[in-house]
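Asker: If you're matching them up, the sequences are chains A and B in order.
For the first sequence, the positions run 1 to 429 when my numbering is used.
For the second sequence, the positions run 1 to 186 when my numbering is used.
Calculated from the structure, these hints are not laboratory results.
Bear in mind the structure is a predicted one, so any value in this text is a computation, not a measurement.
Using N, Cα and C, we set each Cβ at its ideal position, and we do this for glycine too.
A few of these clues could be false.
Simulated restraints, written as ranges between beta carbons of each label pair [stated by the list, open to error]:
no.: 1; chain 1: A; residue 1: 95; chain 2: B; residue 2: 158; range: 32 to 38 Å
no.: 2; chain 1: A; residue 1: 330; chain 2: B; residue 2: 27; range: 34 to 40 Å
no.: 3; chain 1: A; residue 1: 203; chain 2: B; residue 2: 12; range: 30 to 36 Å
no.: 4; chain 1: A; residue 1: 190; chain 2: B; residue 2: 59; range: 46 to 52 Å
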Amino acid sequence: MNSKLINELPELVKNQVISEDIASIIQQYYKSKQEHSPNKLFTVFGVLGSLLVGLGIILILAHNWDEFLRVTKTVFAFLPLVIGQLFVGYSIFKNKSSTWKEASGTFLFFAIGSSIALVSQIYNIPGDLSSFILTWIVLCWPLIYLLKSDVLAILHLVFSTYYACAVGYGFDSMESSPWLYLVLLAIALPHYWQALKLRPNANITSLMHWLWPLSLVITLGTFVSQHGDFGYLMYVLLFGLFYNIGKIPYLDHHSLRRNGYLVLGSLGTVILLLLSSFKWLWDFDIDASSIPSQEFYIALILFMASLVVLGYSYSKQWIRGFNLFQYVFILFTILFFIGMTNSIIPTVMSNILVFALGVMTVKIGADKFHFGILNYGLLIITALVVCRFFDTDMSYIIRGLLFVMVGIGFFLTNYVMLKRQKTLIKIKN
Amino acid sequence: MKAIHLFYIFILVILVQLYVPARMIYDQEDILKTGKAFKFKTQPVDPSDPFKGKYIYLNFEASTVPSIDSTWMRQELVYVAISEDDAGFVVAKHVTRMPPEKGDFVKAKVGWYDSQQNILNFSFPFNEFYMNEAKAYDAEVAHRNAQTDSTANDTYALVYVKNGDAVLSNVFINEIPIADYVQEEH
Chain A
1 MNSKLINELP ELVKNQVISE DIASIIQQYY KSKQEHSPNK LFTVFGVLGS
51 LLVGLGIILI LAHNWDEFLR VTKTVFAFLP LVIGQLFVGY SIFKNKSSTW
101 KEASGTFLFF AIGSSIALVS QIYNIPGDLS SFILTWIVLC WPLIYLLKSD
151 VLAILHLVFS TYYACAVGYG FDSMESSPWL YLVLLAIALP HYWQALKLRP
201 NANITSLMHW LWPLSLVITL GTFVSQHGDF GYLMYVLLFG LFYNIGKIPY
251 LDHHSLRRNG YLVLGSLGTV ILLLLSSFKW LWDFDIDASS IPSQEFYIAL
301 ILFMASLVVL GYSYSKQWIR GFNLFQYVFI LFTILFFIGM TNSIIPTVMS
351 NILVFALGVM TVKIGADKFH FGILNYGLLI ITALVVCRFF DTDMSYIIRG
401 LLFVMVGIGF FLTNYVMLKR QKTLIKIKN
Chain B
1 MKAIHLFYIF ILVILVQLYV PARMIYDQED ILKTGKAFKF KTQPVDPSDP
51 FKGKYIYLNF EASTVPSIDS TWMRQELVYV AISEDDAGFV VAKHVTRMPP
101 EKGDFVKAKV GWYDSQQNIL NFSFPFNEFY MNEAKAYDAE VAHRNAQTDS
151 TANDTYALVY VKNGDAVLSN VFINEIPIAD YVQEEH
């Protein structure tokens, strides 16, 4: 981008768009900027290299070199670990660049994994995968702060998620929830907070805005043990929370690509509401007696958290205009409790809600002149129509007409918006 | 924080990082050196672990005891009192929730309780034997072939036991270590 601009400078000077002085100032500016910023590409390759070497070592050791003596194998278990520690120690002691720190940290992360794995292999220590990963993460987490490493923070998050899945979704663990996962998240939270404050525009921070909510989406199910039906409510509340977080100006000002909270919150809400527009979903096995349960309390916490974010946004006057997505979690909670005794009302209401969300999204898309959002709204409506195609006794004619109408809707809205955009551009010119 | 303080914390972190695998090794070595050796009759099958490599999963013959208590929970920690039969192989005598005061015993986890036949099924924690990736599957085949031979065959795991903790030392087919047995078959 910068080099492209610099290449165009002579042409701009030639055509007298800018003066030669300004051209040299621009050139100077980018030159000094380049000198001050560390080479990002070098960091990426350094980390990628360490990651591959580390994983490679794990695989090579997993081959099980049974011709070696136990002592030799034990030495091999410590070798990568000590090498990694030396590199990391050197980076800290000499206060090397972030490239050094990220790359050596990544290598040490995998060296620790390979070391415990090899010891387990030599002595046939049976592995429950979850406890193996837990030991691994716990041994590595201080490095996140010692090296101020984003890559290690991400590895921590990814492996914590892996741990939660191993504990919560495994065959042996139908009734256990990975509570330690929450502790693991908590110890990585200060790093995330720092990234938010110090590097709001960095790509790696945007990646974290995706990985944090994604990790929670993946693991929330592990906290559902006996009352599975509560899972729907828990997930709708989580997505409601994400949507409201995504609407906080700090995140909302960024493009959608950088706002995982908003995208996941919106998609998740729509998918769950589409599911609950089917009547079979509301055949619950739970009743009032299931209320004092782990699932209920988690749902309660999520509800309160969403409400706090929403209330705070109100008090700060961040919310302008009505956006149904931000309130869906409240409506769904009411529907959910009605659904314990009655399945018709929530089914009908869910259909209306999805439709309203679709229309609302089309409106937001039109207001913002955003074709992506506009068509997303139309897609929501289409998905609803497709769902009803399968489970209602409507006549084929009505169903056919519905499809034709939605199809025409797609053409018309896009056409109208394209036209409006063209007129606007004309007026501006 | 000053670089030197960071460095002190770092030294502490690497000591812990070194201590954990070293402690694992020490505990295992201790049992191997001072524990008592037992032979558990077994059947190997071959699965793999993403980090630790290929292993053979050992299905032990001594994996059930009669029990009239039906309140066992899945995955509950239990103590299995063991003794040896005339041929020198382990037999499970009974299962308790607390470590027995005398006699040899091993820790195990409850699998399931068969309430019709009043039998408790449990699994020992030393049921994975790590092998060279090229030999693990062959080991399973070698064991199966040995079983179908007309001569009497014994596949057993040699396990060292100390205060209920156990370390799996090796697996043998007819007194030959399984890795060597596989190599000879080739």
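Asker: Indicate, hint by hint, whether the structure satisfies it.
Answerer: Each hint, compared with the structure:
no., hint, verdict
1, A:95 / B:158: 32 to 38 Å, "52 Å, violated"
2, A:330 / B:27: 34 to 40 Å, "54 Å, violated"
3, A:203 / B:12: 30 to 36 Å, "33 Å, holds"
4, A:190 / B:59: 46 to 52 Å, "47 Å, holds"
This entry does not satisfy hints 1, 2, going by the numbered hints stated previously.
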